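Modelling step: build the complete structure from the supplied sequences, incorporating the hints.
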Amino acid sequence: MVKGHDSELIIQFTPKEDVPDIERVIVARVPLTGRLVEMPYGPSISPCANSSTIASDGSECINDGVVANKNYTYRSIFKVLKSFPQVEGITTRVIVRQKLPEHKKIRLYKKHPGPVLACILIPNVEVTEDVVGEQATTTSTTPSSES
Numbered sequence: 001m002v003k004g005h006d007s008e009l010i011i012q013f014t015p016k017e018d019v020p021d022i023e024r025v026i027v028a029r030v031p032l033t034g035r036l037v038e039m040p041y042g043p044s045i046s047p048c049a050n051s052s053t054i055a056s057d058g059s060e061c062i063n064d065g066v067v068a069n070k071n072y073t074y075r076s077i078f079k080v081l082k083s084f085p086q087v088e089g090i091t092t093r094v095i096v097r098q099k100l101p102e103h104k105k106i107r108l109y110k111k112h113p114g115p116v117l118a119c120i121l122i123p124n125v126e127v128t129e130d131v132v133g134e135q136a137t138t139t140s141t142t143p144s145s146e147s
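Taking the numbering used here, the leading residue of the sequence shown gets 1, the next gets one more, and so forth.
If you're looking for bench data, these hints aren't it; they were derived computationally from the structure. What you are looking at is a predicted structure, and each value in this text was computed from that prediction instead of being measured. We put the beta carbon where it would ideally sit given N, CA and C, even for glycine. Worth double-checking, as some hints may not be accurate.
[To be verified] Pairwise CB distance ranges (calculated):
hint	residue 1	residue 2	range
1	Arg-35	Ala-68	31 to 41 Å
2	Ile-120	Glu-88	12 to 22 Å
3	Asp-130	Leu-100	34 to 44 Å
4	Asn-71	Asp-6	23 to 33 Å
5	Gly-34	Gln-12	11 to 21 Å
6	Val-67	Arg-35	23 to 33 Å
7	Ile-120	Lys-3	41 to 51 Å
8	Cys-119	Pro-20	16 to 26 Å
[What the hints assert, rightly or not] Here are the simulated lysine-lysine pairs, DSS-like style, with alpha carbons at most 25 Å apart:
hint	residue 1	residue 2
9	Lys-70	Lys-99
10	Lys-16	Lys-99
11	Lys-99	Lys-3
12	Lys-16	Lys-70
Below, the structure written as structure tokens:
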């Protein structure tokens, strides 16, 4: 991810059972005082209103639910503010699960009683500075032939 630029996340899944209402949780594993601590994403990386879950037939099901054995594509765009700290090597877990109205704290995602539709582990997430004015350079080597 680059500070000040949107990042896109796409997950495809097929649920094994019907789920009436779904939600998305993002948990980062951050090194803190010599150990890894899991925490929900902060306010400076948040999903836009255009996060969506689309069925293979093109119907959108955000905040509705999913039907068993149907293919879905979950797409979310994240705004990464320029004020977000520069980090590297963070492991992130993305969970798409049943939404339960009485279960408010996403910190307790491990104790969540509803079914999990998808759980994706993304290693080595980095948030870097946007370097303006510098051009990326690439070098390539080709074997030379001598006659």
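Okay, the hints, checked on the actual structure:
The hint said 31 to 41 Å for the Cβ distance between Arg-35 and Ala-68, and at roughly 39 Å that hint holds. A beta carbon spacing of about 20 Å between Ile-120 and Glu-88 agrees with the range 12 to 22 Å that was offered as a hint. Distance hint check for Asp-130 and Leu-100: the Cβ-Cβ separation is about 38 Å, which falls inside the suggested range of 34 to 44 Å. For the pair Asn-71 and Asp-6, the supplied restraint of 23 to 33 Å holds, since their beta-carbon distance comes to about 25 Å.
The given range of 11 to 21 Å is broken by Gly-34 and Gln-12, whose C-beta atoms sit roughly 37 Å from each other. Remark: the range hint 23 to 33 Å for Val-67 to Arg-35 is contradicted by a beta-carbon distance near 41 Å. Checking the proposed 41 to 51 Å range against Ile-120 and Lys-3 shows it is violated: the Cβ atoms sit about 23 Å from each other. Taking the beta carbon of each, Cys-119 and Pro-20 are about 19 Å apart, inside 16 to 26 Å as hinted.
Only pairs whose Cα atoms come within 25 Å are accepted, and Lys-70 paired with Lys-99 is accepted, the gap being roughly 19 Å. Among the hinted pairs, Lys-16 with Lys-99 is consistent with the structure: their alpha-carbon atoms are about 16 Å apart, no more than 25 Å. Our distance criterion of 25 Å between C-alpha atoms is broken by Lys-99 and Lys-3, whose separation comes to about 30 Å. For the suggested pair Lys-16 and Lys-70, the alpha carbons sit about 9 Å apart, so the restraint of at most 25 Å is met.
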